[in-house]
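Visitor: From first to last, the protein sequence lines stand for chains A and B.
Mapping of the first sequence onto this note's numbering: residues 22 to 156, in sequence order.
Mapping of the second sequence onto this note's numbering: residues 1310 to 1578, in sequence order.
To be clear, the hints were calculated from the coordinates, so they are not data collected in a lab.
A portion of the hints provided could be inaccurate.
Covered stretches of chain A, going by a simulated chain B footprint (3 or more residues, C-beta under 8 Å) [as the list claims (entries may be wrong)]:
{"#": "1", "region": "28 to 42"}
{"#": "2", "region": "75 to 83"}
{"#": "3", "region": "126 to 135"}
Facing chain A, from chain B, some residues (calculated, C-beta under 10 Å) [what the hints assert, rightly or not]:
{"#": "4", "residue": "E1329"}
{"#": "5", "residue": "P1334"}
{"#": "6", "residue": "A1337"}
{"#": "7", "residue": "Q1341"}
{"#": "8", "residue": "L1344"}
{"#": "9", "residue": "A1358"}
{"#": "10", "residue": "Q1362"}
{"#": "11", "residue": "H1526"}
{"#": "12", "residue": "Q1527"}
{"#": "13", "residue": "F1529"}
{"#": "14", "residue": "S1536"}
Just so you know, even glycine gets a beta-carbon here, dropped at the ideal spot from N, CA and C.
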Amino acid sequence: MATILLIEPDLPLAKTYMRAFAQAGHAVHHATMAQQAIDLADVAMPDVVVLELQLPAHSGIEFLYEFHSYAEWQGVPVVINTLLPPQELSDVAQTLREALSVHAMHYKPQASLRLLLRSINDALVANAASKKAVT
Amino acid sequence: MLDGGQNFAGDMQLLQSIAEQLKMPLTAIARQAELGECGANISALDFRAVGEQANTALTLVDNYLLGLRLAVGQEILALEPVSAASVLADVAHELDGFAKRYAVPLEVHIAGKYEPVMANRKALRAALTSLGYELIAAQAAQCEAADTGFASAMGTAKNTESIGQDAANAAPKPLRASLILASHRTAHGIVAGVYGDYAMLSAPRWRKALALRGRAHQPFAALSASSAAGLFVADTLLQAMTAQLRVGRYHHQQGMAATLQPSRQLQLV
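Generate the whole structure from the sequences, applying the supplied hints.
Guide: This is how it looks when you write it as structure tokens:
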């Protein structure tokens, strides 16, 4: 069980994701915008972030840079689940993975709930393993 | 719209914008279906949500096709005296379920009595409906209180499943800011529009959005996370009636509106 910070601007879709995550035994906190997500991360202390890049006002990329600038959140894995087509992220994929703790990137229309949950679990396992290796 | 091929590129951009926009409701429906397949406790509320998502998508397509038919002459745009207030009331009724789904209260404000406007009722209703869908989703995403009713209910590990299901089954708690469908008179005519809590909405940003239509995934990022196709469809329909969608203010709220010309016909009777 983990605490997930879900950043998803569409409320009904967010509700579906939250139900799926809750069914899988996770605690879920939801934000619709980047600034709100930063504020919520302070309270929620997420173990993993599920992020849509297309957000109102400030983009998900801006959120990632802001989130990653805080030392306490640098190790928190991020699973991107976005409407942006994968080919538009290919140039930045390496940067996202290496510099911004992005564990996986999914194209939302094609990413099933099952796939997303698997990604979340993989991110949590990988993060736990890397923490163990450090200690 | 299509005009001897000259605006074909513009029309393709609108089509692209609509295609992008349709990803969201279709994704939402697919994920709901998957949740149901996984044995989740699907309530009547969820089936209604799926229906509303589908209807939103269908309405967007229908309104786009109406604009297209008007542009190419397949349908005649007959202008007639139309009560803006009654159109707004109809639109509010159509948007009601969707607004509840997004926990955005709707209000209809009609300021004073004035004559009907010269418009095509069907096109005006379609334009304001498309506008309304777009602004409801935008308002819900931007409202500060969007987190309540969900995150706060999903707390501790041991209670996650039951609390999560209860929270997920409950309708979202109403957010603070209402969306106002309003008409009022100005020196230029009768203004009919949709207004809300959009701090970053401005005329330059709207003009930039029009330029980015179909070329950017988020042409109107200040307002919306989507491709804002509903706004562009509304604008196209209004332009067919020689009106134009623009940023407007109503009391202390900002929104999108169109100025329509009053009908003189009844004054002569």
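Visitor: Taking the hints in turn, state whether each one holds.
Guide: Now the hints, each set against the structure:
no.: 1; hint: 28 to 42; result: holds (count 13)
no.: 2; hint: 75 to 83; result: holds (count 5)
no.: 3; hint: 126 to 135; result: holds (count 5)
no.: 4; hint: E1329; result: holds (8 Å)
no.: 5; hint: P1334; result: holds (9 Å)
no.: 6; hint: A1337; result: holds (5 Å)
no.: 7; hint: Q1341; result: holds (6 Å)
no.: 8; hint: L1344; result: holds (6 Å)
no.: 9; hint: A1358; result: holds (5 Å)
no.: 10; hint: Q1362; result: holds (7 Å)
no.: 11; hint: H1526; result: holds (6 Å)
no.: 12; hint: Q1527; result: holds (5 Å)
no.: 13; hint: F1529; result: holds (9 Å)
no.: 14; hint: S1536; result: holds (9 Å)
Consistency note: the structure conflicts with none of the earlier hints.
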